[in-house]
Each structure stands twice: as C-alpha cells, then as structure tokens.
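When you get a sec, could you build the whole thing from the sequences and use the hints?
Note that my numbering gives residue 805 to position 13 of the sequence shown, counting from 1, and the numbers run on in steps of one.
Check each hint, because a few of them may be wrong.
For each label pair, taking beta carbons as the anchor points, the in silico distance ranges come out as [to be verified]:
{"id": "1", "residue 1": "F839", "residue 2": "W809", "range": "16 to 22 Å"}
{"id": "2", "residue 1": "M816", "residue 2": "Q841", "range": "18 to 24 Å"}
{"id": "3", "residue 1": "P834", "residue 2": "Q797", "range": "29 to 35 Å"}
{"id": "4", "residue 1": "G828", "residue 2": "Q797", "range": "33 to 39 Å"}
{"id": "5", "residue 1": "P802", "residue 2": "V830", "range": "26 to 32 Å"}
{"id": "6", "residue 1": "E848", "residue 2": "G828", "range": "17 to 23 Å"}
{"id": "7", "residue 1": "V850", "residue 2": "H798", "range": "18 to 24 Å"}
{"id": "8", "residue 1": "R836", "residue 2": "M796", "range": "26 to 32 Å"}
{"id": "9", "residue 1": "G822", "residue 2": "N800", "range": "22 to 28 Å"}
{"id": "10", "residue 1": "E848", "residue 2": "P811", "range": "26 to 32 Å"}
{"id": "11", "residue 1": "R812", "residue 2": "E848", "range": "29 to 35 Å"}
Read the hints as simulated data drawn from the structure, not as lab findings. Note that the Cβ used here is the ideal one computed from N, Cα and C, for glycine as well.
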Amino acid sequence: LPAMQHNNNPFGYKFSWSPRGVVMAGRNNGQYLENGEVVFIPNRDLFKQYEIIDIEGVG
793 LPAMQHNNNP
803 FGYKFSWSPR
813 GVVMAGRNNG
823 QYLENGEVVF
833 IPNRDLFKQY
843 EIIDIEGVG
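Written out as structure tokens, the structure is:
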C-alpha cells in the first residue's frame, strides 16, 4: 500500500488495482452500520460527505 504522504489526489486513494473499478463502484449505493442502525447513502450522495476515523490497533 502507498504511504499516506503520497495520498495527493481528489479521491484520497492510491490505486493499487483498477482505477476504473473504484469509479464504477462509486455508482453503487452505500450502506453501513452505525450504533446498530443501517445507514443508507444513495449513490448520488456517496462522495459528498465523509468521515475520517481511527480504528485502535489499525490506524
């Protein structure tokens, strides 16, 4: 995986595989669990808001 100091593009992601795959995945809806509740994000809103979290022991 590329080092964080090389995270310098609008996606905030360094492609180690297919950039097309990342863009195509962005056309899908998203969902995740937060406090036991499913949070649904329609694809049109997927890249409008994000949150950086720290997972203990991982980073």
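Hints, one by one, checked against the model:
| no. | hint | result |
| --- | --- | --- |
| 1 | F839 / W809: 16 to 22 Å | holds, 19 Å |
| 2 | M816 / Q841: 18 to 24 Å | holds, 21 Å |
| 3 | P834 / Q797: 29 to 35 Å | holds, 33 Å |
| 4 | G828 / Q797: 33 to 39 Å | holds, 36 Å |
| 5 | P802 / V830: 26 to 32 Å | holds, 28 Å |
| 6 | E848 / G828: 17 to 23 Å | holds, 20 Å |
| 7 | V850 / H798: 18 to 24 Å | holds, 19 Å |
| 8 | R836 / M796: 26 to 32 Å | holds, 29 Å |
| 9 | G822 / N800: 22 to 28 Å | holds, 24 Å |
| 10 | E848 / P811: 26 to 32 Å | holds, 31 Å |
| 11 | R812 / E848: 29 to 35 Å | holds, 34 Å |
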